[in-house]
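Peer 1: Letter by letter, the chains look like this.
Number of protein chains: 2
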Amino acid sequence: MKTNLGKKTILYPMPVLMVGTYDQKGKPDLMAAAWGGIFNDGMVCLCLDRGHKTVTNLKERKAFTVAVADEKNVVACDYVGIVSAYEVQDKVAKAGLTAVKSANVDAPVIEELPLTLECELVSYDDNTEQAVGNIVNVLADDSILTDGKVDPAKLGAITYDPVHHTYIKLGQVVGKAFSDGKKLK
Amino acid sequence: MKTNLGKKTILYPMPVLMVGTYDQKGKPDLMAAAWGGIFNDGMVCLCLDRGHKTVTNLKERKAFTVAVADEKNVVACDYVGIVSAYEVQDKVAKAGLTAVKSANVDAPVIEELPLTLECELVSYDDNTEQAVGNIVNVLADDSILTDGKVDPAKLGAITYDPVHHTYIKLGQVVGKAFSDGKKLK
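In order, the protein sequences belong to chains A and B. Just so we're aligned, residue 7 is where the first sequence starts under my numbering, counting upward by one. Just so we're aligned, residue 7 is where the second sequence starts under my numbering, counting upward by one.
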């Protein structure tokens with residue numbers, strides 16, 4: 007039996023995207039976003055309410071970073087998601103995080119977060135509130151690499167549960183893509 | 007130390023979205039998509055190559071469903087991701103899946119998949135290949151509900167690892183959103 011739950015904004019898994027920007031004075035900002043993902047080959051999209059300082063920043067600096075929230079930094083990532091840079095000065099530092107200038111785009115890289123997409127802004131639509139970014143580089147901490155590749159077991163990425171408002175970490179490998187389905191061919 | 011991996015289309019977690027449509031004769035189609043997510047409140051977006059039959063279908067029927075791939079159906083979900091409806095007749099049936107007409111939109115619901123977003127097409131952009139859908143109802147199998155709410159532990163949603171091309175299931179709860187961060191306030 008299936009039950010109609012009505013119109014809801016739920017999906018599994020939802021990412022926990024940590025969006026880093028600089029304001030016009032060069033102060034770093036960081037916020038969390040669960041609405042977004044890969045837009046197209048080498049591009050990301052994010053739904054960012056135009057009221058966020060992040061939106062003012064990325065429209066001005068034409069760049070942003072997207073880091074993956076991980077188990078190790080769950081408290082800091084949640085913190086920057088619940089306070090606004092309009093209210094808290096030095097929000098990134100208060101979270102215990104360290105912002106360093108990206109070598110590739112005009113946006114900050116958060117040292118403690120192990121995987122970061124460095125993006126140039128392609129567009130921000132004031133009506134739909136969708137930001138689109140071109141990934142120019144993926145920056146990975148050596149601690150999450152195995153044979154030079156990102157290792158999900160080391161990364162410890164978390165996902166947002168929109169129903170229970172919890173963070174869930176990724177678990178076991180349960181299948182092989184472009185392969186398991188061949189059994190049915 | 008951090009390493010530049012260059013321009014790559016990677017993100018964690020990426021969803022495994024099962025997109026259901028009808029063609030003009032009413033034949034159901036189903037494909038897998040990892041590029042997409044929530045677009046805005048009550049809306050989804052998907053990057054769907056215009057060469058897919060799904061794109062022809064959703065432009066014609068103005069509707070689609072998005073089901074969440076789960077551990078139980080990993081073989082079937084992978085199968086529909088590797089064969090085209092242009093090549094395989096009755097792709098859904100060959101996957102061992104059952105398509106039934108949605109009560110809410112002009113698109114099929116896959117009986118075996120426990121969580122489905124029923125969507126009306128808002129737009130498909132031929133240049134960016136982004137499909138946007140308005141979620142009109144979320145349909146959940148009673149087997150994944152606890153106290154009337156979706157229970158991620160019962161759902162068994164999988165995520166796509168774009169580096170190793172594996173499917174990873176969601177694991178343990180490791181934090182509480184809008185709460186853990188209060189410790190730093």
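To be clear, the hints were calculated from the coordinates, so they are not data collected in a lab. Warning: the hint list may mix true and false statements.
Intra- or inter-copy, both count: the list cannot distinguish identical chains.
[What the hints assert, rightly or not] Derived DMTMM-like pairs (lysine to aspartate or glutamate); straight-line CA-CA distance at most 20 Å:
#1 LYS65 with GLU77
#2 LYS65 with ASP157
#3 LYS107 with GLU93
#4 LYS13 with ASP157
#5 LYS191 with ASP157
#6 LYS8 with GLU117
#7 LYS31 with GLU126
#8 LYS78 with ASP147
#9 LYS175 with GLU77
Computed from a predicted model, the values in this text were never measured in an experiment.
Peer 1: Each hint should be assessed against the structure and marked as holding or not.
Peer 2: Now for the hints, and whether the structure bears them out:
| no. | hint | result |
| --- | --- | --- |
| 1 | LYS65 with GLU77 | neither (30 Å within a copy, 40 Å between copies) |
| 2 | LYS65 with ASP157 | neither (33 Å within a copy, 38 Å between copies) |
| 3 | LYS107 with GLU93 | neither (23 Å within a copy, 49 Å between copies) |
| 4 | LYS13 with ASP157 | between (36 Å within a copy, 17 Å between copies) |
| 5 | LYS191 with ASP157 | neither (30 Å within a copy, 33 Å between copies) |
| 6 | LYS8 with GLU117 | between (45 Å within a copy, 9 Å between copies) |
| 7 | LYS31 with GLU126 | within (19 Å within a copy, 43 Å between copies) |
| 8 | LYS78 with ASP147 | within (13 Å within a copy, 34 Å between copies) |
| 9 | LYS175 with GLU77 | both (7 Å within a copy, 16 Å between copies) |
When the structure is compared with the earlier hints, violations turn up for hints 1, 2, 3 and 5 and for no others.
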